[in-house]
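K.L.:
Now for the letters of each chain:
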Amino acid sequence: MGELLDVVGGLLMVAGSGFLLLGALGLVRMPDLYNRIQAATKATTLGTLLTLLGVAFIRPEWALKLLLIGIFLLFTNPLSSQVLARAAHRSGLVRLPAGQVDRLAEDTGEKS
Amino acid sequence: MAEFLINLAASLTGVAFLAALWRFFRGPTPADRVLAFDVLTIVSIAGIVFGALVEGRFIYLDVALVYGLLSFLGVIVVARYLERGL
Amino acid sequence: MAYIAMATGFILILIGLFGALTNRNILRMIVAFTVADTGVNMVIVAIGYMHGRTAPILDVAVSAAEAAARIIDPVPQALVLTAIVIGVGVTALMLAYTYKLYEKKRTLDIAQFTELKW
Amino acid sequence: MSNLFIPMTVLLCASMIVAGLMSIWSKRSLPIVMLSSGLVSLLASVQYLLLAAPDVAMTEAAIGSGLTTFLFFFVLSRVRGGANG
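Going down the list, the protein sequences come from chains A, B, C and D. Mapping of the first sequence onto this note's numbering: position 53 corresponds to residue 76, and the numbering continues sequentially without gaps. Mapping of the second sequence onto this note's numbering: position 32 corresponds to residue 1157, and the numbering continues sequentially without gaps. Mapping of the third sequence onto this note's numbering: position 69 corresponds to residue 82, and the numbering continues sequentially without gaps. Mapping of the fourth sequence onto this note's numbering: position 30 corresponds to residue 33, and the numbering continues sequentially without gaps.
In case anyone wonders, no lab produced these hints; they're calculated from the structure. All of these numbers come straight from a predicted model, not from anything done at the bench.
Residues from chain B shown here face chain A by an in silico Cβ test under 7 Å; the list is partial: (1) Met1126; (2) Ile1131; (3) Leu1133; (4) Ala1134; (5) Thr1138; (6) Ala1141; (7) Thr1154; (8) Val1159; (9) Leu1160; (10) Asp1163; (11) Ile1167; (12) Val1168; (13) Leu1178; (14) Leu1186; (15) Ala1189.
Some chain B residues well away from chain C (every beta-carbon gap over 12 Å; in silico): (16) Ala1127; (17) Glu1128; (18) Asn1132; (19) Gly1139; (20) Arg1151; (21) Pro1153; (22) Pro1155; (23) Leu1194; (24) Ile1201.
Glycine included, every Cβ here is placed at the ideal spot set by N, Cα and C.
For reference, chain A alone in the conformation it holds in the complex (with noise of 0.2 Å):
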């Protein structure tokens, strides 16, 4: 029983780890600071949450000192990745590649 649980834990990080892969090769490979910011903070929070979810297997006696990581990730990572795409957006360091309309001005009646 042991034994099993070992491996579907082992199994779980290895697919978190391939998120955070992922992720972590979309923040490479991207060609924009927005696409960037959706490929690299979701992937990354998806296999954070899975490599916990792993350990909590394989450990089960430290399953609440993990549920807690997982929380505070919910809490602040989505959070700091929008209040980045906000910076980038109001301080008008990053520009729209020509041809693209940028809705977001249009709706809030910025200038940028």
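With the hints as your guide, set chains B, C and D onto chain A.
P.N.:
Just chains B, C and D now, with coordinates in the frame of chain A:
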């Protein structure tokens, strides 16, 4: 079997760390570097959990807890600086 | 493993000293000083590491009876813990002086502050 | 299973040297330099954890990486305009 799976997962996490570090090294704008910093922190949380699992100590998970709370603060400080200057 | 960390600490000290001596901006000098501070802390922690032992915190994994044979020396870690806090105090003091100098002269170039030259 | 720590140490130490060299490179702009200094502290914190010092790792992650970066960016936003030199 489980040991091999854990080693494979750690290797994949190391490759993800290298990719995020490459983006940190040559991001065109500062916002790219801040994003790479965030991803490096999340990958480091996974690495800390691997270290706690290998060492077998429960107390190492507190460091991951502190990481999850404080990377957020750093990113928000830099983002507010980029926005209009803290 | 401890030797790799110790070598990295010495390399960080050298990098920090090089940056503090060659940059002309005061803020860049303070950043380089922070890097050197991190290097010093890493050297002290790497000196205190022993191979095959674990962290000096007693819980269910390490009981009090076998603690003397399984934990490492906690004195360098306490030393580094104090040094980190003192380091952030020194950094805050240097940044406060930087802000006062900027208010006085409206520049951060180190070549402009020539009052103590004769 | 503890032989996993040596590749992690090599990876972290090489990344710390790269980030330290970025943080003293004088052609980079000043926010990038400060962010690189914060990255050195962050990776040093993981390295402290691998060197069996979790209390030092917690303190370094809270103070060295969080509070120092906040202080640097606070002062940088106050002296904006004279910072390029």
